[in-house]
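Chemist: Sequence:
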Amino acid sequence: MAIDPKLNNGLKDPKKKKDEKKEDDLSDEDLALKEQLELYVERVQDSDPGVQKLALDSMRQEIRTSTSSMTSVPKPLKFLRPHYGTLKSFYETMGDSDQKKYLADILSVLAMTMSEEGERESLKYRLLGSEGDIGSWGHEYVRNLTGEISQEYAHRQQTEEAEIYDLRELVIQIVAFHMKHNAEPEAVDLLMEVEDLDLLIEHVDVTNHKRTCLYLTSSARYLSGPDDMLVLDMAHKIYLKFKEYPSALRIALALDNLQYVKEVFLLSDDILQKKQFCYMIAQHGLDFVLEEDMVSDDEEMEALQEIINNAKLSEGYLNLARDVEVMEPKSPEDIYKTHLIDGRASASGSANADSARQNLASTYVNAFVNAGFGQDKLMTVPLESSSGASTGNWLFKNKDHGKTSAVASHGMILLWDVDAGLSQIDKYFHSPDNHVTAGALLGVGIVNCSINNDCDPALALLSDYIDKEDSTVRIGAIMGLGLAYAGSQNEQIRDKLTPILGDSGAPLDVIAFAAISLGLVYVGSCNEEVAQSIIFSLMERSESELNDSLIRFLPLGLGLLYLGKQESVEATAEVSKTFNEKIRKYCEMTLLSCAYAGTGNVLKVQDLLGHCTEHLEKGEEIHQGPAVLGIAMIAMAEELGLEMAIRSLEHMLQYGEQNIRRAVPLALGLLCISNPKVNVMDTLSRLSHDTDQEVAMAATISLGLIGAGTNNARLAGMLRNLSGHCKDPDLLFCVRIAQGFVHLGKGLLTLNPYHSERFLLSP
Numbered sequence: 001m002a003i004d005p006k007l008n009n010g011l012k013d014p015k016k017k018k019d020e021k022k023e024d025d026l027s028d029e030d031l032a033l034k035e036q037l038e039l040y041v042e043r044v045q046d047s048d049p050g051v052q053k054l055a056l057d058s059m060r061q062e063i064r065t066s067t068s069s070m071t072s073v074p075k076p077l078k079f080l081r082p083h084y085g086t087l088k089s090f091y092e093t094m095g096d097s098d099q100k101k102y103l104a105d106i107l108s109v110l111a112m113t114m115s116e117e118g119e120r121e122s123l124k125y126r127l128l129g130s131e132g133d134i135g136s137w138g139h140e141y142v143r144n145l146t147g148e149i150s151q152e153y154a155h156r157q158q159t160e161e162a163e164i165y166d167l168r169e170l171v172i173q174i175v176a177f178h179m180k181h182n183a184e185p186e187a188v189d190l191l192m193e194v195e196d197l198d199l200l201i202e203h204v205d206v207t208n209h210k211r212t213c214l215y216l217t218s219s220a221r222y223l224s225g226p227d228d229m230l231v232l233d234m235a236h237k238i239y240l241k242f243k244e245y246p247s248a249l250r251i252a253l254a255l256d257n258l259q260y261v262k263e264v265f266l267l268s269d270d271i272l273q274k275k276q277f278c279y280m281i282a283q284h285g286l287d288f289v290l291e292e293d294m295v296s297d298d299e300e301m302e303a304l305q306e307i308i309n310n311a312k313l314s315e316g317y318l319n320l321a322r323d324v325e326v327m328e329p330k331s332p333e334d335i336y337k338t339h340l341i342d343g344r345a346s347a348s349g350s351a352n353a354d355s356a357r358q359n360l361a362s363t364y365v366n367a368f369v370n371a372g373f374g375q376d377k378l379m380t381v382p383l384e385s386s387s388g389a390s391t392g393n394w395l396f397k398n399k400d401h402g403k404t405s406a407v408a409s410h411g412m413i414l415l416w417d418v419d420a421g422l423s424q425i426d427k428y429f430h431s432p433d434n435h436v437t438a439g440a441l442l443g444v445g446i447v448n449c450s451i452n453n454d455c456d457p458a459l460a461l462l463s464d465y466i467d468k469e470d471s472t473v474r475i476g477a478i479m480g481l482g483l484a485y486a487g488s489q490n491e492q493i494r495d496k497l498t499p500i501l502g503d504s505g506a507p508l509d510v511i512a513f514a515a516i517s518l519g520l521v522y523v524g525s526c527n528e529e530v531a532q533s534i535i536f537s538l539m540e541r542s543e544s545e546l547n548d549s550l551i552r553f554l555p556l557g558l559g560l561l562y563l564g565k566q567e568s569v570e571a572t573a574e575v576s577k578t579f580n581e582k583i584r585k586y587c588e589m590t591l592l593s594c595a596y597a598g599t600g601n602v603l604k605v606q607d608l609l610g611h612c613t614e615h616l617e618k619g620e621e622i623h624q625g626p627a628v629l630g631i632a633m634i635a636m637a638e639e640l641g642l643e644m645a646i647r648s649l650e651h652m653l654q655y656g657e658q659n660i661r662r663a664v665p666l667a668l669g670l671l672c673i674s675n676p677k678v679n680v681m682d683t684l685s686r687l688s689h690d691t692d693q694e695v696a697m698a699a700t701i702s703l704g705l706i707g708a709g710t711n712n713a714r715l716a717g718m719l720r721n722l723s724g725h726c727k728d729p730d731l732l733f734c735v736r737i738a739q740g741f742v743h744l745g746k747g748l749l750t751l752n753p754y755h756s757e758r759f760l761l762s763p
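Going by UniProt numbering, the first residue of the sequence shown is number 1, and it counts up by one from there.
Note that these hints are calculated values from the structure, not bench results.
Among these hints, one or two may not hold up.
No more than 20 Å apart at the CA atoms, straight line, and that leaves these computed lysine to aspartate or glutamate pairs for EDC-like [what the hints assert, rightly or not]:
(1) Lys-210 / Asp-198
(2) Lys-337 / Glu-292
(3) Lys-312 / Glu-300
(4) Lys-88 / Asp-28
(5) Lys-399 / Asp-692
(6) Lys-618 / Glu-567
(7) Lys-243 / Asp-198
(8) Lys-377 / Glu-300
(9) Lys-565 / Glu-528
(10) Lys-53 / Asp-96
(11) Lys-262 / Asp-287
So the derived label-pair ranges between C-beta atoms look like this [claimed, not checked]:
(12) Arg-584 / Gln-151: 36 to 46 Å
(13) Leu-214 / Asp-166: 26 to 36 Å
(14) Pro-729 / Asp-189: 54 to 64 Å
(15) Lys-312 / Lys-582: 22 to 32 Å
(16) Lys-243 / Leu-223: 19 to 29 Å
(17) Asp-297 / Lys-399: 50 to 60 Å
(18) Glu-119 / Pro-753: 47 to 57 Å
(19) Asp-467 / Pro-185: 55 to 65 Å
(20) Lys-677 / Tyr-165: 49 to 59 Å
(21) Asn-711 / Gln-157: 52 to 62 Å
Cβ atoms here follow ideal geometry from the backbone N, Cα and C, with glycine treated the same way.
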């Protein structure tokens, strides 16, 4: 049945009704603007070029001057929306002329709100339009273009269209605009997208170079290689351009580029600034020798080299201690504060724990707390002191390895003070007891730790003991050398220690520590000769030796050679696949973890997580431990990755196998070393009461690690309460060690490898 047309007149099309309502809503001003613009659209299509030009100019004017709030589309763009198609079709019919270019400009701006997703019409018309200033169309337009250029560039890279110079002109304009308007991050992002960072250096000036470099260095952590290196390199160039030499040196150290380090010394004329460079290098632990052309005056050069060699480190440390009034030596009892624990528990605790082990714990706590202060109440007490106690007495309250530790702890108390340290430790070398001699050798290594001395006293003293009969003495000497010369890449040590790795008669423990020492001395150097000797040594091990847990020090020594060096490890990792299957996977995980340590590489973290999720038979799972620790080593680079890693590790606690649960507390300790985050502290505190003893012990030690050197009161309280409830002597020993860590150097030392505002990682 047909509807009566008379009736139909009354029923308006709902769409029309809506439009009319919309028109009624417009104010008179808006209505006038709408009609004005519609008139311009008609005039643009006029055949007379003069009329066209006038209409285009007026339309440009309207669009440019329309101010609007950031939340809504500017009015002219809104009213021109229905005419976008009309203008596009008319544009296609126009002949080449200035008017056509002007219209292209307007279409480019309209396309910002009207074009289809992924069409990139705004960019298309911009390239066809006039060469005018793009900034005059406003920030939003420039941002939109930036996004389209990135997409277009990626598209052309895939389709292998080589021509990108038309985009380049536009990129230069946009970068100049962004740099003028305090939008350095947008400029840097665009240049990274189009792989043309070199353009940046022309556009930075005195006002914005700091912000630009800050963004470059911060974003480097989130880029994959080799882009991260390119970005840091750019920041380095900018700093040099503006004579910001100390900042340039930080970048040079991050890039591990000795050439850049030398360059900074050559460019700077200020002797005080050069001193600052030396302190930075010393803190980073770089083994660096100044050359004639870097410092003109010989005396100054000697003074600067002393700073790099850390010769004045002990003096500075003790001055600080005097300033903050912590010179008074502390005894282990000052740390345990047993009187604060309710009487019952502590009485039963001390009765159960065997005294030699208690004394060993006290030796460690004493050494950690008084580290570097040169005086304590156990080891350095003068013989005729009023209390009648003497160093000899404390030494003989320990057995075997306890004596080794006690003597070595003397080295820790005299840390960095080479002259006093060697003269005080010398008396132990005359002891007939091998354990005491071994401790003295280790003590010498500890005293010389991170100090470079021209006469190499540690090498002279220790090298005679490397080939002794007794393996305890040999290990003392080998580890002493490793600690004293860590990071120095000293060839004499390589010549002394590599033969041990190839010696078929040497016991496994001596070989294992030789590998660790070589790893320490050549840390992060990728030295092929050392790598080969460790690899051959691993290949020659017998079946029974491969079952010994000490064997795992060999892959670790190998991993240290590639610490933080990323791709450089690949050749060695390939070789490791040929090892005996008992150690193969373990070696692979250790190498991976060390090579990407401190890089924050997300892909490697995922890779390691994959290995941790497998459920394996007993005996097949030894490689999962280093994989868990590897996650922590890689993710500690920046805050975001750190938080994500903590979450992943907590999932592993819930769903992982027992062997993984045992590694997780240690991983958390590494991840937040000397950084007592409350959530991690609570997790570890919970795990320290775990039914599995290994988990509880690992968690307890990790509580010490996360609070190392912080004197954190909450942590100290937790550990004190734990020591009151400990029935198990092993666990109590761990609690004591953790208490020593928390009060490391009375709060003046740290175990955190990051320095310089968490930007540099000291190897």
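Chemist: Against this structure, judge whether each hint is valid.
Modeler: Hint check:
no.	hint	in the structure
1	Lys-210 / Asp-198	holds, 17 Å
2	Lys-337 / Glu-292	violated, 55 Å
3	Lys-312 / Glu-300	holds, 15 Å
4	Lys-88 / Asp-28	violated, 29 Å
5	Lys-399 / Asp-692	violated, 29 Å
6	Lys-618 / Glu-567	violated, 32 Å
7	Lys-243 / Asp-198	holds, 18 Å
8	Lys-377 / Glu-300	violated, 40 Å
9	Lys-565 / Glu-528	holds, 14 Å
10	Lys-53 / Asp-96	holds, 14 Å
11	Lys-262 / Asp-287	holds, 13 Å
12	Arg-584 / Gln-151: 36 to 46 Å	holds, 45 Å
13	Leu-214 / Asp-166: 26 to 36 Å	holds, 32 Å
14	Pro-729 / Asp-189: 54 to 64 Å	holds, 58 Å
15	Lys-312 / Lys-582: 22 to 32 Å	violated, 49 Å
16	Lys-243 / Leu-223: 19 to 29 Å	holds, 27 Å
17	Asp-297 / Lys-399: 50 to 60 Å	holds, 56 Å
18	Glu-119 / Pro-753: 47 to 57 Å	holds, 50 Å
19	Asp-467 / Pro-185: 55 to 65 Å	holds, 60 Å
20	Lys-677 / Tyr-165: 49 to 59 Å	holds, 51 Å
21	Asn-711 / Gln-157: 52 to 62 Å	holds, 55 Å
Violation of the numbered hints given earlier is confined to hints 2, 4, 5, 6, 8, 15; the remaining hints are satisfied by the structure.
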